[in-house]
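Chemist: In case you want the letters, here they are:
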Amino acid sequence: DAGITQSPRHKVTETGTPVTLRCHQTENHRYMYWYRQDPGHGLRLIHYSYGVKDTDKGEVSDGYSVSRSKTEDFLLTLESATSSQTSVYFCAIQESNLNSPLHFGNGTRLTVT
Amino acid sequence: KQEVTQIPAALSVPEGENLVLNCSFTDSAIYNLQWFRQDPGKGLTSLLLIQSSQREQTSGRLNASLDKSSGRSTLYIAASQPGDSATYLCAVESGYSTLTFGKGTMLLVSP
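Protein chains in written order, with the working numbering: chain A, 1 to 113; chain B, 1 to 111.
Derived by calculation from the structure, the hints in this document are not laboratory data. Every residue, glycine too, gets a C-beta built ideally from N, C-alpha and C. Keep in mind that a hint or two might mislead.
[What the hints assert, rightly or not] From the structure, some residues in chain B lie toward chain A, with a derived Cβ separation under 10 Å:
1) 36
2) 43
3) 103
[To be verified] Now the stretches of chain B that chain A is said to cover, found in silico as 3 or more residues with beta-carbon under 8 Å:
4) 9-15
5) 24-35
6) 64-74
[To be verified] Straight-line C-alpha distance at most 30 Å; calculated BS3-like pairs for lysine-lysine:
7) 53(A) <-> 42(B)
8) 103(B) <-> 1(B)
9) 70(A) <-> 53(A)
10) 68(B) <-> 53(A)
11) 11(A) <-> 103(B)
12) 68(B) <-> 1(B)
13) 103(B) <-> 68(B)
14) 70(A) <-> 11(A)
15) 42(B) <-> 70(A)
16) 1(B) <-> 11(A)
17) 42(B) <-> 1(B)
18) 70(A) <-> 57(A)
19) 53(A) <-> 11(A)
20) 57(A) <-> 11(A)
21) 57(A) <-> 42(B)
22) 42(B) <-> 103(B)
23) 57(A) <-> 68(B)
24) 53(A) <-> 1(B)
25) 70(A) <-> 68(B)
Just chain A, same shape as in the assembly (with noise of 0.2 Å):
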């Protein structure tokens, strides 16, 4: 396996308070990227980030915040959770940006009430 990391595995928190999730990789790849999964929708792209401090938006981004200050840590902020992203969060990384397989983390099951 890859060596990524996701914490929290589980998480339930309640509407309107902020939850950060966090990604750690040992593969020092250069690119990371944040998924959700949800029934029906497949997996979408939040953010990513390309190096450390530099991020981007994915098709999916609005109320989710990012920061990379290192290399093996990549985390993904819900600033004001709502029951709208109750989802699977996965974690992913790639040597290089194109032609290089994304290897994901194990995921990150979180619940807004």
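For this one, chain A is given, so just place chain B on it according to the hints.
Modeler: Chain B in isolation, oriented as in the chain A frame:
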């Protein structure tokens, strides 16, 4: 906008059968196509990556083909086993850090 479709959504076969999973995409301007498997409660595991200049890739009992001009890929699984039961997803890379996923085919191989 790139769209990726996987048919069938679910498939059930007895052990030992050879099977084919299908993936189609709407925009043929791709860099590569990737196949993944996902076990319940787990992340995605990369199976095969076919670059746009390639026609197929093989790994063990898995063979993936790519016909870019027609917007289609197939994943062939030979001599299926119960351990192959999982959801299989395809994804196309249309640009830098731009990977579009299908919704997957849920495969059940019964002993």
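Chemist: Would you mind marking each hint as holding or not holding in the structure?
Modeler: Here's how the hints hold up against the structure:
A cut of 10 Å between beta carbons decides the hint on residue 36(B): the least distance to chain A is about 8 Å, and the hint holds. Interface restraint check: residue 43(B) against chain A, minimum CB-CB distance 4 Å, threshold 10 Å, status holds. The beta carbon of residue 103(B) comes within 4 Å of a beta carbon in chain A, closer than 10 Å, and the hint placing it at the interface holds. Only residues whose C-beta sits within less than 8 Å of a C-beta in chain A count toward coverage, and the segment 9-15 of chain B has 0 of them, not enough to reach three; the restraint is violated.
Counting residues of the segment 24-35 of chain B whose CB lies closer than 8 Å to any CB of chain A gives 3, which reaches the minimum of 3, so the coverage claim holds. Note: the segment 64-74 of chain B has 0 residues with beta-carbon separation from chain A under 8 Å; the three-residue rule is not met and the coverage is violated. For a cut-off of 30 Å, the pair hint linking residue 53(A) to residue 42(B) stands: about 28 Å separates their Cα positions. With a C-alpha separation of about 16 Å, the suggested pairing of residue 103(B) with residue 1(B) holds against the 30 Å cut-off.
Restraint check for residue 70(A) and residue 53(A): satisfied, since their Cα atoms lie roughly 8 Å apart, inside the 30 Å limit. Restraint check for residue 68(B) and residue 53(A): the C-alpha separation of about 36 Å exceeds 30 Å, so the hint is violated. With a C-alpha separation of about 25 Å, the suggested pairing of residue 11(A) with residue 103(B) holds against the 30 Å cut-off. For the given pair, residue 68(B) sits about 16 Å from residue 1(B) by alpha-carbon distance, which is consistent with the 30 Å threshold.
Distance restraint check for residue 103(B) and residue 68(B): the Cα-Cα separation of roughly 20 Å lies within the 30 Å cut-off, and the hinted pair is therefore satisfied. A hinted pair counts as satisfied when its Cα atoms are at most 30 Å apart, and residue 70(A) with residue 11(A) qualifies at roughly 24 Å. Between residue 42(B) and residue 70(A), the direct Cα distance comes to roughly 26 Å. Compliance with the 30 Å bound is thereby established for this hinted pair. Taken as a hint, the residue 1(B) and residue 11(A) pair is broken in the structure, with Cα atoms around 33 Å apart against an allowance of 30 Å.
Between the alpha carbons of residue 42(B) and residue 1(B) the distance comes to roughly 28 Å, so the proposed pair stays at or under 30 Å and holds. Taken as a hint, the residue 70(A) and residue 57(A) pair is honoured in the structure, with Cα atoms around 19 Å apart against an allowance of 30 Å. Between the alpha carbons of residue 53(A) and residue 11(A) the distance comes to roughly 26 Å, so the proposed pair stays at or under 30 Å and holds. Only pairs whose Cα atoms come within 30 Å are accepted, and residue 57(A) paired with residue 11(A) is accepted, the gap being roughly 24 Å.
Restraint check for residue 57(A) and residue 42(B): satisfied, since their Cα atoms lie roughly 25 Å apart, inside the 30 Å limit. For the hint linking residue 42(B) to residue 103(B), the alpha-carbon distance of about 16 Å falls within 30 Å, and the restraint holds. At most 30 Å may separate the alpha-carbon atoms for a hinted pair to count; residue 57(A) and residue 68(B) meet this at roughly 28 Å. A hinted pair counts as satisfied when its Cα atoms are at most 30 Å apart, and residue 53(A) with residue 1(B) qualifies at roughly 28 Å.
At roughly 38 Å between alpha-carbon atoms, residue 70(A) and residue 68(B) are farther apart than 30 Å, so this suggested pair is violated.
Violation of the numbered hints given earlier is confined to hints 4, 6, 10, 16 and 25; the remaining hints are satisfied by the structure.
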